[in-house]
Amino acid sequence: MRSVDRLCLAHFRVAFAAFLVAAILGTWQMWVRSPLGASVGDPDIYFLSVTAHGASMAYVLTTFFIMGFGYFVAETSLGRALPGRAWAWLGFWIALIGTLMAVATILSGRASVLYTFYPPMTANAFFYIGLVLVVVGSWVWCVLMIVAMTQWKGENPGAAVPLAMYGTVANAILWLWTTVGVAAELLFQVIPAALSWVQTIDAGLARTLFSWTLHAIVYFWLLPAYIAFYTMVPRAAGGRLYSDTMGRLTFILFLIYSLPVGMHHLFMDPEHGNAFKFIQMLLTAFVAVPTLLTIFTISASMEVAGRLRGGRGLFGWIGALPWDRPMVLAAGLSFVMLGFGGGGGLVNMSYGMNAMIHNTAWVTAHFHLIFGGTVVIMYFAIAYEIWPRLIAREYASVAPLRRQLWLWFIGMMVMTLPWHWLGLQGQWRRVANFNYADPIIASWGPWVTVSFVGGLMLLISALLFARNLFALHQSAIAGGQGPFYALAIHPPKRVPAALNGFGLWNVLVAVLMLAAYGYPIAQFIVAPSPSAMVHRVE
Amino acid sequence: MAESNALDQPWRIWASVAVVTILLTGVLLGAIIVPIVQGRGAGLDAYTAICRALGLLPGSPAQVQPQDRTPPSPVSQVSWTPAILKVLAGGDVERGRAKVMEVCVACHGEQGVSPTPAVPHLNGQSAAAIYKQLHDYRTGSRVNEQMTGIAQALDESVIADVAVYFAGQRKRNPNPASLGALPSEIVDLVVHGDTVRGLPPCAGCHRTGSGGPIETPILSEQGDDYLVQQLQLFASDKRRNDVYGRMRSISARLSPEEIKGLAAYYRAGFR
Chain X
7 MRSVDRLCLA HFRVAFAAFL VAAILGTWQM WVRSPLGASV GDPDIYFLSV
57 TAHGASMAYV LTTFFIMGFG YFVAETSLGR ALPGRAWAWL GFWIALIGTL
107 MAVATILSGR ASVLYTFYPP MTANAFFYIG LVLVVVGSWV WCVLMIVAMT
157 QWKGENPGAA VPLAMYGTVA NAILWLWTTV GVAAELLFQV IPAALSWVQT
207 IDAGLARTLF SWTLHAIVYF WLLPAYIAFY TMVPRAAGGR LYSDTMGRLT
257 FILFLIYSLP VGMHHLFMDP EHGNAFKFIQ MLLTAFVAVP TLLTIFTISA
307 SMEVAGRLRG GRGLFGWIGA LPWDRPMVLA AGLSFVMLGF GGGGGLVNMS
357 YGMNAMIHNT AWVTAHFHLI FGGTVVIMYF AIAYEIWPRL IAREYASVAP
407 LRRQLWLWFI GMMVMTLPWH WLGLQGQWRR VANFNYADPI IASWGPWVTV
457 SFVGGLMLLI SALLFARNLF ALHQSAIAGG QGPFYALAIH PPKRVPAALN
507 GFGLWNVLVA VLMLAAYGYP IAQFIVAPSP SAMVHRVE
Chain U
1498 MAESNALDQP WRIWASVAVV TILLTGVLLG AIIVPIVQGR GAGLDAYTAI
1548 CRALGLLPGS PAQVQPQDRT PPSPVSQVSW TPAILKVLAG GDVERGRAKV
1598 MEVCVACHGE QGVSPTPAVP HLNGQSAAAI YKQLHDYRTG SRVNEQMTGI
1648 AQALDESVIA DVAVYFAGQR KRNPNPASLG ALPSEIVDLV VHGDTVRGLP
1698 PCAGCHRTGS GGPIETPILS EQGDDYLVQQ LQLFASDKRR NDVYGRMRSI
1748 SARLSPEEIK GLAAYYRAGF R
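The listed protein sequences correspond, in order, to chains X and U.
So the first sequence is residues 7 to 544, counted in my numbering.
So the second sequence is residues 1498 to 1768, counted in my numbering.
Only chain X is shown next, with the shape it has when bound in the complex:
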């Protein structure tokens, strides 16, 4: 086993261990919210559980998975040893210690603030310091990704950076930009408040800084799925990538348009003028562009594969695709969930329509479908694809893998579609329990119960995922070799510097961020508003 394999495995194990625990907690939460488990457990326990579930899924699963995947891509796509391996291990341990600190604080009941950082409510400082350490660990990863690409470009002057690595570095740069907002909020506002150094906190500024991070972080989680769409799915389907340039443009557009848009989470907030909300709404709409480019490019790539396999006619190529391969199946299911989730997202980002679903169950349903569905199913597919290479084993059969993916897809649809409907009915989010004796709430009961059944299916699928990887470790079949990344139909020989690096795009991000967030943040410093009392929840 190469040392980078051990590094990837360590990251993946932490990521998926957190995922399993969080899946169990999530199902329990669905149960106590439903008429079947109403009035079970204290609200304290519920909010503790939501905090643990959210922090594990959103911060631990994602960050560790993305780091592990990035190290794998850096070594395999560039075909050279990962630079600074000792630093990578240091980053891993920093992030792991941070995770354990946060977990201990949550379990002690001193951090039941959910996993978002909305002062004046503050948790114990250890919770925040732990999460800052997770971010610091991920910064080490960002630097290593940039160094790996820069060194490779030095050794291969004029050559096009492999697309998988280009996407990974785009994500690393996106993450560096993204974390500036929350890091500023935590270091200058929340942690001093949690440590009792200050008694008041500017909630408007804190919410604004958190919004800086809040949307871009979602694209940080999403990009590995897109990297897989462009660089792994076409090969798995037996074809080629339709356009390498489209892939580069997609990653660039995500970098540009996922940052100056976070204020669409603050449409109902009073601390910003309508003009800035409008500008950020318009910029949010442009996030749809890279997604549409991807749907076009990947569908075209799949068509190429389907026709190579003998598919004929307008739609015949779809049936000819090798749906029995987990990566192809996951991509197809992911696209379906992306269609529903993306449609819901357009409602969220529209200034007017947002008003009808703001802070309702619609929002929770949306991010479960788009993150838990579209993104996490691709995490499974990536793990299924990479794991055999890390331990040089092969699956005895991929049928259990397919079953797990199908179950995840069906469970996610069954859970989130009624949940969206409940949001439209006005069901509020962030509430520990519902009194089903109330006639209006009682009418929600059947939908919540169906949603819970979806949750149970997801739990079974999560356990099946662990079982499949366990079975791979037990497998006696050696394997895990062969080509991995898809080739483009026209492999890039020379690409413009703009599509082979990030200098220009960083400048444009800076311009957009200055326009979108410059005055909205400066106003709190130029004319400070009355601060709120810190509420310590411990």
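Since the hints were made in silico from the structure, they are not lab data.
For glycine and all other residues, C-beta sits at the position ideal for the given N, C-alpha and C.
Take the hints with a grain of salt, since some may be wrong.
Quick look at which bits of chain U chain X covers, simulated, 3 or more residues with Cβ under 8 Å [stated by the list, open to error]:
no., region
1, 1508-1519
2, 1527-1541
3, 1569-1579
4, 1597-1607
5, 1641-1655
Derived contacts from chain U toward chain X, CB cut-off under 8 Å, selection only [said to hold, decoys possible]:
no., residue
6, L1504
7, D1505
8, T1522
9, G1523
10, P1558
11, L1582
12, I1711
13, I1715
Please arrange chain U on chain X, whose structure you already have, making use of the hints.
Just chain U now, with coordinates in the frame of chain X:
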């Protein structure tokens, strides 16, 4: 090098043009056209509407604001500003003890343990809660025959001294087991509330670390006569210094048995 520059220059130019065009479109629509059009409907001139849209002036460009020009009549004059918190933080326990011995001791006891059932215990009470109530007595937001006169004679810093003195006195920790069993409906009301009647759980605010308003009093070990009396005063609208009428609306929906049960719950030292 020259070749790659020639390849790259159009990208630099056109990408920048595209991004800046999108940005300017947003600015033109969001900061100029939409506010001017909306402002017309609300009877605002273009300049005011644009300034409101940018957040330079308060209010929305789409509505006449404020809607109501009658001056507000707050139920309490206490606002938790950093300056007030500083006064509270600067409270001196020794000065507070001296004032307590001089004024409060007769009814509230030396350590805040009241010998009279209708007078609240103040030992271990939150300093912010004591401060708010004394301040409210002083400004007339809360009225009581004895307390109004006493509080009017105290200035802000003395109120803070007394508050931190009582806050520092220990709870007595009665043995809940000795106080008899509590009906499960009462425990349920404290922990879950009752959504049918729109009653939030008491523990939503009256529990350490619940995240309720800072002035929320600690009810644990409070005398039940006093608690019953105050809930009745809130219910009958005779006491009205609760911000947003929270306690008035809650108390009015409680039955007399529930009021008694809740008072017994808190007297027993539960939180």
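Going through the earlier hints one by one, which of them does the structure break, listed in rising order?
4, 5, 13
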